[in-house]
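Chemist: Kindly produce the complete structure, drawing on both the sequences and the hints.
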Amino acid sequence: MSETIFSQSLGAAEIDTELREIEVFNDLVEAIDDIPSELKEELRAKSSGKFGSTADMEGDFAGRKTD
Amino acid sequence: MRTSFLSILAEYTPSASDSTALFIEESHDEWIITSIDRSLHVTLKKRQAYPVTYCHQVDRSTVRLGYGDETNDEFLTVTLRGNKTVSIARDSFATLPLFYYANKSNFILSNEYANVLGNIKDPLIRESVVVDHLIIVDRPMPPPIEGVEVLKEQEELVFRMGEGLVLTQAPDRPWLYSLDVPVSDPKAFFGRFSAYLDYFIESRFSGQQFAFVVSGGLDSATLPQYFYRKTNQPIITTSLLLGPPYDVTQRPKLQAIVEQTNATPIVQTLDPRTMAPLSGMTVPRYGEAMYAKAFQPLLRRLREMGIQVLATGEGGDEILGNVTDESFAMMHGKKARARRRDMELPDFFTPKLKNAYLSNVPQTPLLPLPHRPANTSFGQLLNNLYIREGIWPVSPFSSPGLYQYLQSIPAHFRANKNILRAFHKAKGFTELIYDASKNEFFDVFFQECFESGAYDTLVQEVLSSAKTVALGYIDEKEVQGAYKRIKQGLHTDEDTAFRLYCFLQLEKSWNLAGAELAKT
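Protein chains in written order, with my numbering: chain A, 1 to 67; chain B, 1 to 520.
Among the hints, a few may not be true.
Unchecked claim - The following label-pair restraints were derived from C-beta to C-beta distances:
(1) A:Asp34 / B:Gly333: 34 to 44 Å
(2) B:Glu259 / A:Ile22: 22 to 32 Å
(3) A:Ile22 / B:Ser206: 17 to 27 Å
(4) B:Asp180 / A:Asp34: 21 to 31 Å
(5) A:Thr17 / B:Val248: 29 to 39 Å
(6) B:Thr269 / A:Leu19: 41 to 51 Å
(7) B:Val166 / A:Thr17: 50 to 60 Å
(8) A:Ile22 / B:Thr324: 24 to 34 Å
(9) A:Leu19 / B:Thr324: 33 to 43 Å
FYI, nobody ran anything at the bench for these hints, they're computed from the structure. Being a predicted model, the structure only gives us computed values, none of them experimental. By construction, the Cβ of each residue, glycine as well, lies at the ideal position given by its N, Cα and C atoms.
Modeler: Below you can see the structure in the form of structure tokens.
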């Protein structure tokens, strides 16, 4: 397989924008992670969930809508 | 035989040999490869855009053809040796459908199902899979004609005239459940996914005329917005527009993408009266795409505009999934039996069919572990819509490498596609899509087709000679009743309409193929 998906290439001109975007992204990741560990475990163990199904897409995206 | 992309017709002759000379005849749009005795006839369309096709003589009796980079297993390669041996290494991204049929002396392969069926003498209905086709089991099924198969991703096939066919399945993917993949830091997703999209754009779009299918959903909105941010080049988008009530929410989303990306939108409104699936079907199809009739005019228009590569969001729903159990496609034994027993099935399925469904439970998993979610890979392997117009579909989410990588991200980041939504927000993509308050359901179009009366004639035509009624699997009166209720909107579950559709499709398809039930 020649797919090269694991190397990052940043263009010099876009570096400031990209750094700002990464900062926003990292804050969002922390917000998504800020849920009770029981809920994380429940999701981890959930069987064959198609988590991305349309039924799950409605509502607040920040990760708390996981019921 | 005429083909929209690739066909191979090989018939055994006693003098077949690996050293028989092969000849390549070249026209402006295709290559034709033949042996001197005409027992081998291969056609491949020329394609200058991604993935570029090739055909060359290795020596006087060996010809190699395929598409893309010949040395890269991402692409398909076919090797012909004299009028005796055909070897095919199926690509790992397997987008093009490839159906085949073989016995000891004949090998037929084509991306068009009808081409394969048209070259089988006296096609027979494969009774062993009729039940699966009516119920739509939890695994990809072989086509319902005896001996016809689909060549799947990473499979290798060797046909030797006079000896028959040897098929090597793809190796299993290296992980079984999501938890088998070592956990990775979700914060790394931003950089890795960006790098992947950069690679995808470079490898698929560089030097090409391309467009983007956008539905208003998250997945298909990812690449066009990323591309525009990266390049500032205006783009072309194409969409199917739902009727009421979903057009109210879909329109603003499509408009938002158009504004974000400075796009030229090509839109087709879905009309259930003229675009119902199966309507106007004149040749047998297997797995016809649900929106084929609606998509055809769009694709024709894109072709006229010179578009050769079309990006979709296919596979987005599945790739973020969490695999903690056997997938339905792999299910077998007691677990599969229990699942089947608990399924609600419509009244037009007779007790004989329901019992056969239970006793048909496979005892072993038939497939190797797929490298992409089974829905994604098999869905693509049945769709010729694009290639008939000379357009190659590509999706960043239909990637074995990305599938494995995403499984390494903890489940709560994949739930609700949170990690992808975070990516959209961080990139400043349109909020209307990454934080949608309402989603559209394209299935509503299917229900509308039934309610519009689009199947009035077809239901009666099919019932007048239905082989599954003759087999005792389908109750004719119950079909009439169910159809009436669906038309009146009294069946609120989508399953009944879909199962009725599967019945119509199966019967229509083998009637067009002239296939018969075996006499024994």
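Chemist: If a hint holds in the structure, say so; if it doesn't, say that too.
Modeler: Okay, the hints, checked on the actual structure:
{"no.": "1", "hint": "A:Asp34 / B:Gly333: 34 to 44 Å", "verdict": "41 Å, holds"}
{"no.": "2", "hint": "B:Glu259 / A:Ile22: 22 to 32 Å", "verdict": "25 Å, holds"}
{"no.": "3", "hint": "A:Ile22 / B:Ser206: 17 to 27 Å", "verdict": "26 Å, holds"}
{"no.": "4", "hint": "B:Asp180 / A:Asp34: 21 to 31 Å", "verdict": "27 Å, holds"}
{"no.": "5", "hint": "A:Thr17 / B:Val248: 29 to 39 Å", "verdict": "34 Å, holds"}
{"no.": "6", "hint": "B:Thr269 / A:Leu19: 41 to 51 Å", "verdict": "43 Å, holds"}
{"no.": "7", "hint": "B:Val166 / A:Thr17: 50 to 60 Å", "verdict": "54 Å, holds"}
{"no.": "8", "hint": "A:Ile22 / B:Thr324: 24 to 34 Å", "verdict": "30 Å, holds"}
{"no.": "9", "hint": "A:Leu19 / B:Thr324: 33 to 43 Å", "verdict": "36 Å, holds"}
When each numbered hint is compared with the structure, no violation occurs for any of them.
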